[in-house]
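2 protein chains.
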Amino acid sequence: MEIAILLFDKITALDAIGPYEVLSRLPDAKVTFIAKEPGLHRTENRMLALHADQPLSDVAHPDILVLPGGFGTRALAEDEQLLDWIRVAHESSIWTTSVCTGSLLLGAAGLLNGLEATTHWMVTDALAAYGAKPVSRRIVQQGKIITCSGVASGIDMALTLAAKIAGPEWAQGIQLGIEYDPEPPFVGGSLRSAPASIVELVRAHAAELS
Amino acid sequence: MEIAILLFDKITALDAIGPYEVLSRLPDAKVTFIAKEPGLHRTENRMLALHADQPLSDVAHPDILVLPGGFGTRALAEDEQLLDWIRVAHESSIWTTSVCTGSLLLGAAGLLNGLEATTHWMVTDALAAYGAKPVSRRIVQQGKIITCSGVASGIDMALTLAAKIAGPEWAQGIQLGIEYDPEPPFVGGSLRSAPASIVELVRAHAAELS
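Chains A and B, in that order, are what the protein sequence lines are. According to the working numbering, the first sequence holds residues 1 to 210 in order. According to the working numbering, the second sequence holds residues 1 to 210 in order.
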């Protein structure tokens, strides 16, 4: 089972590493980190570099495609070479997935037209602009395309996908293996549940950064 | 606020990236990925390489120390140069933390003697061998030392720590920013809650790998 995870400059690391930590534990999993340019790719804050081992062309037909998000997706959404690669990979994939603003790349590739999809709560308008129908569920499946909401949701998405691929027992084993028994210290990890003052705080901080 | 996250060969990536994704969003956070040897360090399964930008000696006195886990901790627990660095860093740190088997490094450095601590559920005996008192809580604080259970628990630990450092509003902002509103597909992410058959499955698989 060939799993390709896209890396790029200004990625959000957890978008990629959450699904990696789950999907790499599937039977016969082979995860490859790919990028337009192999080598180091830094996160949005420049504090971490992840290494892409292979160029896109080396993994033209992954069984599972994972598109993480991050500020870097803005530039990639206009990169026809990348979008072409996504279209071709999607033609033969078993599952095509995205985390957070990774869904904007699916949108830009024309793959979400008329479909329900999700992304980080701050950019649902951008998703709609690609013809998708944004919904507020954490994980959204439409055929073989699965999109999920912001950053940390990739763990839930990948465990859900693991159960589809290898059965619920194996997926439960992965969940226990990575001790995913969340105890978030606060309610309010979603737009639905967060106090308005916290939403405003995050929006103001994001505006500063962009 | 200088935050040092240790990298090493055979690391579990999410142990490091969960806390990174949270702590890098603290006000004035400066996260540095460090290692005995700067450069690329591969995960246990060899599928991912993370980059250490600086050697241990460049960050002798971090405000926050994060020790991730992974099979690689077995070799590091006998590495006196690394253990010395941990002891010195701990002397001046504000917080000394570990995720998963990272706590075995704190134990090997002699910092957990007589203290309550936790680790991945499969290696609590090893923790006890260092004189620690293993407890089954997800996050265990003893003074300025915080240990947490396996892999994914680093996210909960880091959010809890973020609230201590920057206040609950900022921590809630981080939680909303990374959309950490977990929807694990199964109960059973901990030894307490998992069916015996799943525990056995994970133990058998781990025995194969080691």
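Don't take each hint at face value.
Same chains, same label: a pair holds when it works inside one copy or across any pair of copies.
[Unchecked claim] Derived pair list, reagent style DMTMM-like, types lysine to aspartate or glutamate, alpha-carbon separation capped at 25 angstroms: (1) Lys144 - Glu183; (2) Lys144 - Glu37; (3) Lys164 - Asp53; (4) Lys133 - Asp9; (5) Lys36 - Asp53; (6) Lys30 - Asp9; (7) Lys30 - Glu208; (8) Lys133 - Asp58; (9) Lys144 - Glu208; (10) Lys133 - Glu80; (11) Lys10 - Asp28; (12) Lys164 - Glu200; (13) Lys30 - Glu91; (14) Lys36 - Asp79; (15) Lys133 - Glu91; (16) Lys164 - Glu78; (17) Lys10 - Glu208.
I should point out that these hints are in silico values taken from the structure, not numbers from a laboratory.
State whether the alpha carbon distance between Lys30 and Asp9 is at most 25 angstroms within one copy, between copies, both, or neither. both (23 angstroms within a copy, 19 angstroms between copies)
Regarding Lys36 and Asp79, is the shortest C-alpha distance of 25 angstroms or less found within a copy, between copies, in both, or in neither? within (10 angstroms within a copy, 38 angstroms between copies)
For Lys144 and Glu208, with the copy left unspecified, which applies at a CA distance of at most 25 angstroms: within, between, both, or neither? neither (37 angstroms within a copy, 32 angstroms between copies)
Up to 25 angstroms between alpha-carbons, please classify Lys133 paired with Asp58: within, between, both or neither. neither (33 angstroms within a copy, 49 angstroms between copies)
25 angstroms Cα cut-off: does Lys30 pair with Glu91 within a copy, between copies, both or neither? within (20 angstroms within a copy, 42 angstroms between copies)
Regarding Lys133 and Asp9, is the shortest C-alpha distance of 25 angstroms or less found within a copy, between copies, in both, or in neither? Answer is neither: 28 angstroms inside a copy and 43 angstroms across each miss the 25 angstroms cutoff.
Give the relationship of Lys133 and Glu91 under a CA distance limit of 25 angstroms: within one copy only, between copies only, both, or neither. within (21 angstroms within a copy, 54 angstroms between copies)
Can you give me the call for Lys133 and Glu80, within, between, both or neither, at a CA distance of at most 25 angstroms? Close inside one copy (23 angstroms), not across copies (57 angstroms); limit 25 angstroms.
Indicate which option fits the pair Lys144, Glu183 if close means a Cα-Cα distance not exceeding 25 angstroms: within, between, both or neither. The answer is between: 21 angstroms across copies meets 25 angstroms, while 31 angstroms in one copy does not.
Measure nothing new, just compare the shortest in-copy and cross-copy C-alpha distances for Lys144 and Glu37 to 25 angstroms and report within, between, both or neither. Neither way: Lys144 and Glu37 sit 27 angstroms apart in one copy and 42 angstroms across, limit 25 angstroms.
For Lys164 vs Glu200, is the C-alpha pair at or below 25 angstroms within one copy, between two copies, both, or neither? between (37 angstroms within a copy, 21 angstroms between copies)
Within, between, both or neither: Lys164, Glu78 at alpha-carbon 25 angstroms: neither (33 angstroms within a copy, 41 angstroms between copies)
Consistency note: the structure conflicts with the earlier hints numbered 2, 3, 4, 8, 9 and 16.
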